[in-house]
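Make the full structure from the sequences, and use the hints.
Quick note on numbering: this note's numbering labels position 85 of the sequence shown as 76, and the sequence is numbered without any gaps.
What the hints contain is simulated information worked out from the structure, not anything from laboratory work. Ideal Cβ placement from N, Cα and C applies to all residues, glycine included. Incorrect hints may appear among the rest.
[Unchecked claim] Heads up, simulated DSSO-like pairs for lysine-lysine below, C-alpha to C-alpha not over 27 Å straight-line:
id: 1; residue 1: K51; residue 2: K28
id: 2; residue 1: K50; residue 2: K70
id: 3; residue 1: K90; residue 2: K51
id: 4; residue 1: K70; residue 2: K90
id: 5; residue 1: K90; residue 2: K50
id: 6; residue 1: K28; residue 2: K90
id: 7; residue 1: K50; residue 2: K28
[What the hints assert, rightly or not] Between beta-carbon pairs, the in silico distance windows are:
id: 8; residue 1: L25; residue 2: E67; range: 34 to 42 Å
id: 9; residue 1: L44; residue 2: E67; range: 33 to 41 Å
id: 10; residue 1: T68; residue 2: K28; range: 36 to 44 Å
id: 11; residue 1: L44; residue 2: R114; range: 30 to 38 Å
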Amino acid sequence: MSLVKWQKIDVTADRPYPVFLGSSLEELGEYLQLQFKDIEQILIISHQVVADLYSERLKKGLINYRVNLLTVPAGETEKSLERLSQLTTAALRCDADRKTLVIAFGGGVIGDLAGFFASAFMRGIR
-8 MSLVKWQKID VTADRPYPVF LGSSLEELGE YLQLQFKDIE QILIISHQVV ADLYSERLKK
52 GLINYRVNLL TVPAGETEKS LERLSQLTTA ALRCDADRKT LVIAFGGGVI GDLAGFFASA
112 FMRGIR
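Laid out in structure tokens, this is it:
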């Protein structure tokens, strides 16, 4: 496994969360198995362009999971309640549950949207 390092980033003064830095999409699944023992399904939220370029490599590394790719158009306007509703509907259609892991696969808008979605869906998922 070619993990670069683990780094803790402080979200608030008393609650840090881990950020994974690595160099191989294909090895992400191996890493996740070490960190999250109870995950069976992963929702990947991404821009269509990024998904077109990299999703096959990413899915290859997640072969032991049920993986669903949810794409959104690029742009700040996608950070909306309408988009959140669409993601929620898509997640329910995929039978996502409280043990589902959300991966934000993209830049700032995707990170913001995926983070907000994960915190709101079923009172919070990972």
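Hint-by-hint comparison with the structure:
With a CA separation close to 19 Å, the supplied pair K51 and K28 stays within the 27 Å bound. Of the pairs offered as hints, the one joining K50 and K70 holds, with about 25 Å between alpha carbons and a cut-off of 27 Å not exceeded. Between K90 and K51 the alpha-carbon distance is near 21 Å, which keeps this suggested pair within the 27 Å criterion. At roughly 24 Å between alpha-carbon atoms, K70 and K90 fall within 27 Å of each other, so this suggested pair holds.
Taken as a hint, the K90 and K50 pair is honoured in the structure, with Cα atoms around 19 Å apart against an allowance of 27 Å. As the CA atoms of K28 and K90 are separated by approximately 10 Å, the hinted pair is consistent with the 27 Å bound. Of the supplied pair hints, the one linking K50 and K28 holds, its CA atoms being roughly 18 Å apart against a limit of 27 Å. Taking 34 to 42 Å as the suggested C-beta distance range, the pair L25 and E67 conforms, at roughly 35 Å.
Between L44 and E67 the beta carbons are some 21 Å apart, a value that contradicts the proposed interval 33 to 41 Å. Hint check: T68 to K28, Cβ distance near 38 Å, so the stated range 36 to 44 Å holds. Between L44 and R114 the CB atoms are about 34 Å apart, so this pair conforms to the stated range of 30 to 38 Å.
Of the numbered hints listed earlier, the single one contradicted by the structure is hint 9.
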